[in-house]
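Undergrad: Now for the letters of each chain:
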Amino acid sequence: MSNVQFDGYTPTWCPGCGDWGIRVGIKTALNQLGLDPSKVLISFDIGCSGNMNDFLNGYAMHGLHGRAIASAIGMKVARHDLPVIVIGGDGGLYGEGGNHFLHALRGNHDITVIVHDNMVYGLTTGQVAPTASKGYKSKSTPKGIIEEPVNPIVMAITQGATFVSQGFAGDARLTVDLIKQAVTHKGFSLVNILQPCVTFNKINTYQYYLQRAYKLDESYDPYNLTLAVEKSLEVQDEKFPLGVIYKKEKNPYHEQIVQLKEPLAKRDRFTKFESLISEFE
Amino acid sequence: MRFNFLIGGEAGFGIMTSGLVFSKIATRSGYFIFDYAEYPSLIRGGHNAYEVAVSDTPISATIQNIDLLVCLNKETFDKHKHRLNKNSFLIYDPDQFQVDIEVIKIEIPFTQIKNQEKIQQQMLNSVALAASVSFLGGDSKIYDGLVREQFNNKGEDVVSFNLKLADIGREYVEKSGVSKLSVLNLKENPEKKLVMTGNEVFSLATVPADCRHYASYPMTPASSVLGTLASWQYQNGMVVRHPEDEISVINSALGSSFAGVRSAVGTSGGGFALMVEALSYAGIAEIPIVVFLSMRPGPATGMPTWTEQGDLLFAVNSGHGEFPKIILAPGDALEMAQLTLEAFDIADIYQTPVIILSDKLLSESHYTLFKKEIERLFEEYKPKRGKIVQNPSFSPYLRYKIEPDGISEMLLPGHEGEYYQANSYEHLEDSHTTEDDQERKKQVEKRNKKHLTYLESNFKKPKIYGDHNSEIVFVSWGSMKGTLLEAMSCLNTDHQIDSYMVHFTHLYPLDEDLIQSIFSDLKGKRLILIENNSHGQFGQLLRQLTGVDFKEKLLKYDGRPIFYHEIVEYVLAGNKGK
Chain F
8 MSNVQFDGYT
18 PTWCPGCGDW
28 GIRVGIKTAL
38 NQLGLDPSKV
48 LISFDIGCSG
58 NMNDFLNGYA
68 MHGLHGRAIA
78 SAIGMKVARH
88 DLPVIVIGGD
98 GGLYGEGGNH
108 FLHALRGNHD
118 ITVIVHDNMV
128 YGLTTGQVAP
138 TASKGYKSKS
148 TPKGIIEEPV
158 NPIVMAITQG
168 ATFVSQGFAG
178 DARLTVDLIK
188 QAVTHKGFSL
198 VNILQPCVTF
208 NKINTYQYYL
218 QRAYKLDESY
228 DPYNLTLAVE
238 KSLEVQDEKF
248 PLGVIYKKEK
258 NPYHEQIVQL
268 KEPLAKRDRF
278 TKFESLISEF
288 E
Chain U
298 MRFNFLIGGE
308 AGFGIMTSGL
318 VFSKIATRSG
328 YFIFDYAEYP
338 SLIRGGHNAY
348 EVAVSDTPIS
358 ATIQNIDLLV
368 CLNKETFDKH
378 KHRLNKNSFL
388 IYDPDQFQVD
398 IEVIKIEIPF
408 TQIKNQEKIQ
418 QQMLNSVALA
428 ASVSFLGGDS
438 KIYDGLVREQ
448 FNNKGEDVVS
458 FNLKLADIGR
468 EYVEKSGVSK
478 LSVLNLKENP
488 EKKLVMTGNE
498 VFSLATVPAD
508 CRHYASYPMT
518 PASSVLGTLA
528 SWQYQNGMVV
538 RHPEDEISVI
548 NSALGSSFAG
558 VRSAVGTSGG
568 GFALMVEALS
578 YAGIAEIPIV
588 VFLSMRPGPA
598 TGMPTWTEQG
608 DLLFAVNSGH
618 GEFPKIILAP
628 GDALEMAQLT
638 LEAFDIADIY
648 QTPVIILSDK
658 LLSESHYTLF
668 KKEIERLFEE
678 YKPKRGKIVQ
688 NPSFSPYLRY
698 KIEPDGISEM
708 LLPGHEGEYY
718 QANSYEHLED
728 SHTTEDDQER
738 KKQVEKRNKK
748 HLTYLESNFK
758 KPKIYGDHNS
768 EIVFVSWGSM
778 KGTLLEAMSC
788 LNTDHQIDSY
798 MVHFTHLYPL
808 DEDLIQSIFS
818 DLKGKRLILI
828 ENNSHGQFGQ
838 LLRQLTGVDF
848 KEKLLKYDGR
858 PIFYHEIVEY
868 VLAGNKGK
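In the order they appear, the protein sequences are chains F and U.
Heads up: the first sequence begins at 8 in my numbering, then just goes up one per residue.
Heads up: the second sequence begins at 298 in my numbering, then just goes up one per residue.
FYI, nobody ran anything at the bench for these hints, they're computed from the structure.
Treat the hints with caution; some may be incorrect.
For the chain U half of the interface with chain F, some residues (derived, Cβ under 8 angstroms), not all of them [stated by the list, open to error]:
| id | residue |
| --- | --- |
| 1 | Q530 |
| 2 | A550 |
| 3 | G552 |
Since the structure is predicted, the reported quantities are computational estimates derived from the model, not experimental observations.
Built from N, CA and C at the ideal position, the CB exists for glycine as well.
Same shape as in the complex, but just chain F (with noise of 0.2 angstroms):
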């Protein structure tokens, strides 16, 4: 057992959120992978589940809002011995980083993107998030969204991701089930946790998610694309599946930039700069 632990400062979340519950998975998912603090990378959001910062401990960046993903990319650059970790939620993963989402599921880097999907933006106090459905009423949205929400499941399985899988903040088993296959599977892995804000989302609450949301059987292939498309296409009846939604086998980013063996950080300092001078002779 390692003297430093995953617990930081007691959590400041409103009584009842979901976020509790999605740090206990994630921390009990790392403890029972032999992980410590000192040899896992994490990339904090902005928001409140990026406020996890300060209670979860590991070698961490609390970056900027949105940009989670895109600092995590560099990390596992500079260190692919090490997991790489991204929590933050659907505001800053979906919408204002929704553009490092993209192509970070295009390059299949080798990186755990955790998102707290509660529909809504909870520290800003109550705007409509991305996720949230047509017609969601909020504080920017006093009429209902006019947007149609984002898939990120879809998307995630189109556009490269190789484990795609969705939790409830409300099965905290499922969610180290998750998080454990997730952090482990080499390449891009997406865990899209469906997460009541209690404060300020009074229509997705965990009755809500109880009564829409599913648990794929063990006769559920996750290799099948087509399959794998549908199941993430029935968000749009308000039903969803959580589990591994699709996974496949691929090169990760990082094993395909040929001239990375060891760690960047860790190799010697290259030295024979004379052929590239004489280039310009």
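Given the structure of chain F, go ahead and fit chain U onto it with the hints provided.
TA: Showing chain U alone in chain F's frame:
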């Protein structure tokens, strides 16, 4: 000896390649060059002009007069004939246009040759270039050697065909009856030189600097760094990436820097605008990062392929909130090499962003460097990482420990038994978020202290060039250096006017006392601020930080560099007025 060669033609004709070959012929023959290319933001069509100033002493400026103009089309002649005089030489195709001014003509029927030899337009460059080199007294072996290097990978047939085309060019020079010059006569045992753009020097210097991750989104005039480093990465092990946007560029570079590798990004003004939020993050989280910022005329998309020093104050004020940043602006290729190495050290030592300011003129013009000097610089260089450590020197480890010099120990992630955050929120010494007033104050003062430590330890005062007793003093920064040196030499030689220059490379922060003392010694002299922008931005910065004010300013903001004759004319006009 100063000789100015210009070759021009339609974009896509291969003018850029020919110009560079000419520059290399000159340096391999023992001379110094400075070249400058003008091209529009187009891939085909439009006009390309490549001029090479050749000299037997170092030169880093373009020359107004053209001594030999090579026209691959009529537009080249029309656009540049005002820079010719009756002693200038003109290589042109009489079938393309009539020459209506007095010059010394060398006729080469390019169109006819193209049809006879059934060659593509680009291959006429071989004819024109060989003719030029032969006319200027260049050694044909040096020319042929470069042809071999250029076309070797295309096979012996292509090489010998281009050598045949070269002979055709040379024959027309003989036929013209114009006596050859000795401009490119081969010197004995010429010292090995390098012909490099500012961008190439920056790229090259990142290798000894041990930069291991370079991320960039293409943007003229910084783009060529990305291409150069990308092509080398399999050889030197650097990871070179082209992410989806500049925001991802810098945030991923910060990720790798946090995780332990020297990292850099490159861009121009518009891309830098997208990076500045992350620059601010690097400031508070104290993550080293080197930003290569090559300026072009803005605002917005501006004039992508032209030059301006218009982003200085933007760089100085970049990023929200107050945090230390350091700005360096090399004056020429050698300083680019030195300051690039220095930038990576300073970024690590102060754990904060360092911006290297270049511009199109410095980034894309070729300069002459002594190969030995660069080799020595790189061999002697040892990265200095300051307080970046693999093992903490105290326990419990505190990432943002208050230290008298403002610099805390930065433990590289992965060390067993420790952890911390690079926190963009204000934080305690142990890196946890805080909103406590006293802790906030301590951290602000700690970060501010870095600037003071830098001014004491790494700031370099401006360099002085020329005669200290002169009454005329030029004040400038960055890429203006070469032009001013040439202007000073011309004023001295042609007009018997002494002058000297105060040239800044370490632009921000500035040591107030030191700068004030330099300028108080200059009271009563004619001080002229020279900048390639319209606001006199460095003048504003100097006034803001040191109280130094300028009455005379020579500012140019038409997208072109300041030419040295413009400075000379300005000085002469001012002297007359006295």
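Undergrad: Against each hint, give a clear statement of whether it holds in the structure.
TA: Tested hints:
no., hint, in the structure
1, Q530, "holds, 6 angstroms"
2, A550, "holds, 6 angstroms"
3, G552, "holds, 2 angstroms"
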